[in-house]
Amino acid sequence: ETGVTQTPRHLVMGMTNKKSLKCEQHLGHNAMYWYKQSAKKPLELMFVYNFKEQTENNSVPSRFSPECPNSSHLFLHLHTLQPEDSALYLCASSQHEAGSSYEQYFGPGTRLTVT
Amino acid sequence: AQKVTQAQTEISVVEKEDVTLDCVYETRDTTYYLFWYKQPPSGELVFLIRRNSFDEQNEISGRYSWNFQKSTSSFNFTITASQVVDSAVYFCALSEATKTSGSRLTFGEGTQLTVNP
Chain A
5 ETGVTQTPRH
15 LVMGMTNKKS
25 LKCEQHLGHN
35 AMYWYKQSAK
45 KPLELMFVYN
55 FKEQTENNSV
65 PSRFSPECPN
75 SSHLFLHLHT
85 LQPEDSALYL
95 CASSQHEAGS
105 SYEQYFGPGT
115 RLTVT
Chain B
331 AQKVTQAQTE
341 ISVVEKEDVT
351 LDCVYETRDT
361 TYYLFWYKQP
371 PSGELVFLIR
381 RNSFDEQNEI
391 SGRYSWNFQK
401 STSSFNFTIT
411 ASQVVDSAVY
421 FCALSEATKT
431 SGSRLTFGEG
441 TQLTVNP
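Chains as they are written, first to last, in the working numbering: chain A, 5 to 119; chain B, 331 to 447.
Honestly, the hints are just simulated from the structure, not real lab data. Virtual Cβ for every residue (Gly too), placed ideally from N, Cα, C. Some hints here could point you the wrong way.
Beta-carbon label-pair distances, calculated as ranges [claimed, not checked]: (1) A:65 x B:414: 25 to 31 Å; (2) A:58 x B:333: 33 to 39 Å; (3) B:347 x A:24: 43 to 49 Å; (4) A:63 x B:399: 32 to 38 Å; (5) B:337 x A:117: 28 to 34 Å.
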């Protein structure tokens, strides 16, 4: 596997379900990100992890719970979601050095539908 | 606060035409970075270019070129001799030079480019 992978690619879940999205990066990066992309809206940064530590939570509701067990893996645990949470969820990774900003490499995304 | 504006929501051209996608940004930082990404129908964002605020040289990569002008806070992207495969949504993004967290990208709303045969 190369680059950034995400599973599953598509997910349909009811409002009472619990599911998890998985992201894995094979680029040796030390920062990972979750984004939400809704129709007709800019990409919204949700969470940032740097060396496994969460460094940013962009006012995301608690029904989204991230987990980063190591620098290569990132999860997004979902529970009691709302229909408005239906969107494309994108994972990304990048190198990070203080005082700079490197390009992020994105996975193919998980298309989530909440019914 | 940072902001990126892509005023062109949709552009439609005929194959082989040149097309320019506009990007205007706002930031109070003196050190910042600008990016362009391509999102084809498959959904995955593809990185195209990264520029820092101290490098105003224009860049050309094949049919792609970028014009960075600090005086007008713009970072425009031109595709020469467009092809059907260039059809995608193109995003401009801005990031400050962070101290602690990873790169925090602020994206524009994107421009949907359709290249017709």
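Hints, verified against the model:
Between residue 65 of chain A and residue 414 of chain B the beta carbon distance is about 40 Å. The supplied range of 25 to 31 Å is therefore violated. Judged by the Cβ atoms, the range 33 to 39 Å given for residue 58 of chain A and residue 333 of chain B is violated: they are separated by roughly 25 Å. A C-beta distance of roughly 45 Å is found between residue 347 of chain B and residue 24 of chain A, which places it inside the suggested range of 43 to 49 Å. Checked against the given bound of 32 to 38 Å, the beta carbons of residue 63 of chain A and residue 399 of chain B, roughly 34 Å apart, stay inside it.
Distance hint check: the CB atoms of residue 337 of chain B and residue 117 of chain A are about 31 Å apart, consistent with the given range 28 to 34 Å.
Against the hints set out earlier in the document, violations occur for numbers 1, 2.
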